[in-house]
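Residue strings, one per chain:
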Amino acid sequence: MDTIKQISIFVENQPGKLAELTRLIADAGIDLRTLSLADTRDFGILRVIVNKPAETEKLLKENDWTYKTAEVIGVKVPDRPGGVAEVLEAITEAEVNVEYMYAFVNRIPGRADTVFRVDDIETTLKALRSKGIEILTPEEAYCI
Amino acid sequence: MAKYWHEDIETMSLEDMRKLQNERLVKQVQHVYENVPYYRDLMDKKGVKPDDIQSVDDLHKLPFLSKADLREAYPTGMLAVPMKDCVRIHSTSGTTGKRVVAFYTQHDVDLWEDCCARAITAAGGNEDDVVQVAYGYGLFTGGMGLHGGSHKVGCLTLPMSSGNTERQIQFMRDLGATILCCTPSYAAYLGESLHEMGLTPDDIKLKAGIFGAEPWTEEMRRSIEQSLGIKAFDIYGLTESSGPGVAFECSEQSGMHINEDHFIPEIIDPETGEVLPEGSVGELVFTSITKEAFPLLRYRTRDLCVLSRKKCSCGRTLIKMAKPMGRSDDMLIIRGVNVFPSQIETVLIEQGYSPNYLIEVDRKNNTDTLDISVEMNPDQFSDKMKDVQDKEKELAGAMKTMLGINPKMHLVSPKTIARSEGKAVRVIDRRKLHD
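Going down the list, the sequences are from chains V and H.
Under our numbering, residues 1 to 144 are what the first sequence spells out, in order.
Under our numbering, residues 1001 to 1435 are what the second sequence spells out, in order.
No lab work stands behind these hints: they were computed from the structure.
Since the structure is predicted, the reported quantities are computational estimates derived from the model, not experimental observations.
Wrong hints could be hidden among the right ones.
Unchecked claim - Which bits of chain H does chain V cover? Going by a derived footprint, with three or more residues having C-beta under 8 Å, they are: (1) 1367-1379; (2) 1409-1415.
Stated by the list, open to error - Think about it this way: if two alpha-carbon atoms lie no more than 20 Å apart in a straight line, the pair counts; the simulated SDA-like pairs of lysine to any residue are: (3) H:1415 with V:63; (4) H:1415 with V:62; (5) H:1384 with V:60; (6) V:17 with H:1373; (7) H:1207 with H:1154; (8) H:1393 with V:44; (9) H:1386 with V:70.
Just so you know, even glycine gets a beta-carbon here, dropped at the ideal spot from N, CA and C.
Bound conformation, chain H alone (with noise of 0.2 Å):
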């Protein structure tokens, strides 16, 4: 039974790993400034020539790309080769009209597959295996990802994507699936679900879970593994560096090891942008040495992390991200959709109300949810109950259009909202997200 999918690269010395990843990031850097006029531009702006670039020590002279970077260049701004080459797009969640598109050629597909056979292979998964996939399918990565990753293992693969509880149960225990792939809340849910039907574990073929795109934590895992009988696996990515497969768990269970034949990770300091030391806290930095379509070089995931060399008991020489425990902006993931509280003031202030605001994010019965409070102002009140209830109703449909969820909204009195001379409290999550 193999342990490893690519053996060769996953426990490469890591002077090896340097030669390769010289290779490639100096070939890909030339790729980059000869096709994207847009980081071009940045590099020139900053002096940087792709002779400067010789190897992974030079990669801090690159500049770096945001988010921010991403939405000015949509949707097109980023791409590298012609689209008549690309074969797939998938999108970020997020703002309407302010996506990420993210384009794939054959061999990107490719690779990112691999990334995820990596990832099915190190929870123990082999062409035996039963992978129901229920992470959504079409733009969203979670789906297409972890399928293109059973296929290439070998595995039998259910296209259940998510949703229909009932039926992926039926279709877990009559197929016998034996690995589950899907976003932590949704494993959580399944195993409730499971519970309430009157099935345990023992009913279930399940042996093993590749769970992520959202914050889960430690103890969230324990209660998953129980509920479904399974061991669960961390897996990390995201649509900007080709989707999940960037970095998976191994039977360790303490990190995730980066693929870091295709990613070269960076810890910066989110205010200063400057390269910290192995095991400083800060904000994980993506350069992408192989994709040929959408290759981002120093992205800013604006996630906080730590990574370490230290030695893996599963014999994967890969460098590990410890679980993000935060994020550098304000980002909330909210039913894994990426809400930013800047996008709910500009509702507000575009529908006449005040900017102080309250954002409540909670996670009931596994779902996630989203309360906003607002003040009453003048402008927007009536004596006429009707016309206040339908301000409201107009407000509510803004905020859905902006965010792409529903929040519930409420009015609540005027100066009730605390306003501090630094920056507000704005935003009280109580999911508990990080341990």
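Bound conformation, chain V alone (with noise of 0.2 Å):
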């Protein structure tokens, strides 16, 4: 299946903290893909895309660090108006419901790449392939 393993880390709400996650990953020599924080008062979630997978897994498992994997689909957007519109119209129209959603960095001219969050996978993946909609494979995801 077209989906992208995505790594959710807890991070405690203090003064470099995230700093600290982020040195372990690259003394590991992982590169990290894409990154997106959602934050409250106490503790942030850091939800990343790297391009080693079960590596970070091990590593933040040997640290201590609190973390879940989860799939997410990648989707090639055209980055023109539109272009983000067209994609949640389709996965709307299936009936599927968009957790969260973020960008992807990447340097491809014409795509603006973004990860989806979605509470059904197959259905969502069926229906942007219909409408002639790009997915991201793990291998382009991962190694862009």
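Dock chain one against chain two, each of which comes alone in its own frame, and use the hints as you go.
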């Protein structure tokens, strides 16, 4: 299935915590492909897509970070007005809920790749493909 | 102007007091043995018969009662008279479903109110006074206890209950309250509010305050005395032994006289249960020798303190207890509510969190704060913020149900709360309640 592994990490809201986490990942030679941070008063959830998900999980586990891995969809959203609206309309039509989404950091002209976390992956993939919307393969996501 | 409420008792010689206590104790042990199967079983197990108790010197032969016993006997297991002979109950704050319910006959209420009348008199009160009772009314003993004592003395009683600070100050001014009864933290708050309203102690007629139900320091006493322009007196009591008025402070303001014609105090080693000589620090134990409905023998208060028979300048001969200097268990009193760390641990385990937690208690703007830090674990974590927040809310709700107060919850990284080999430090109390 063309889904991407996204690792979400619990980050306590404390000075230096985020730096500590990203340094840990960097020192293991892992590349952050993209990330997004959701935060509250006390804590944040850092969601990352990395080039080596399995290694990252092992690293986090060994260093006592709380994390959860989830499958997300990378969509090659056309980089033009209406691009993301069309994708969301297709998902809505299929009666799927988007939990959250964030943009991919990529450098491919004409594309605004976006990560979607949905409550029904199969249906979403089918709906997007039927509209001719392209999906990012894991290889593309991890190694762009 | 009467200096004492019961001069004969309050200035009685030790010899006469012992005689009175011995008579009452012997009768009380008989009453309890006959009417409280729970305590009879404890005595039988220990091999003690009522006949073995002939005087206060035999007290140590009796088994102890603890809060755990009272919970086990909930609701009526400690009741020593038919329920139809009771006229009232009061109840401790604390865990839902695990409260202690104390019963009172009319006679019990009368004696309790007399104890409070002694406290009011010792604070300089008489029938010319206006007593503002700003303790909570209801199941809590504070409001009703001082209210009854104020009636006995013949004071005009303002049954304000707690809260509504503006109205408290308005009534204090308009009706010329002279004695204030409430928790020390509320007294401090009233003092601050008075000044915030641009008023000074000259704008009110208060001359004394009777404050209890929570620990407070000498420093707090001085600050309250200054802000309200009064003399502040301590009062001690617990629901298990009727309520406030078990002991009260006099003009000397150095420890509280115990109403030992009703309550015989002992100081024990909390570890071994051995009775310690006068002057030792240990756990305070009370035996009620006059209560009819809820007569607890050798009840362990868990309060650590010292007793003294040193001569008091007020003329009272009643033994004095120092301000409790801590607890022999880990109970915290937060906003007047009894909180045990074990309750917090229970909720965490039930909700699937790690039993590694840190409780931080502080007092900000005269209000106690309770912060609980809990380690996030993979089972409770999700990449969806809503899920995490829902679980956090569920946890906070469960805490509120268990503790009766709302703690502030903090989710922290795993393994950040210190673990130690022996006793983990799970509680940090920054309130500095003991000098």
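Comparing the hints with the structure gives:
Note: the segment 1367-1379 of chain H has 3 residues with beta-carbon separation from chain V under 8 Å; the three-residue rule is met and the coverage holds. Only residues whose beta carbon comes within less than 8 Å of a beta carbon in chain V count, and the segment 1409-1415 of chain H has 6; three or more means the coverage holds. A distance of roughly 10 Å separates the Cα atoms of residue 1415 of chain H and residue 63 of chain V; the hinted pair therefore holds under the 20 Å criterion. With a CA separation close to 12 Å, the supplied pair residue 1415 of chain H and residue 62 of chain V stays within the 20 Å bound.
Distance restraint check for residue 1384 of chain H and residue 60 of chain V: the Cα-Cα separation of roughly 19 Å lies within the 20 Å cut-off, and the hinted pair is therefore satisfied. Of the pairs offered as hints, the one joining residue 17 of chain V and residue 1373 of chain H holds, with about 17 Å between alpha carbons and a cut-off of 20 Å not exceeded. For a cut-off of 20 Å, the pair hint linking residue 1207 of chain H to residue 1154 of chain H stands: about 17 Å separates their Cα positions. For the hint linking residue 1393 of chain H to residue 44 of chain V, the alpha-carbon distance of about 16 Å falls within 20 Å, and the restraint holds.
A hinted pair counts as satisfied when its Cα atoms are at most 20 Å apart, and residue 1386 of chain H with residue 70 of chain V qualifies at roughly 15 Å.
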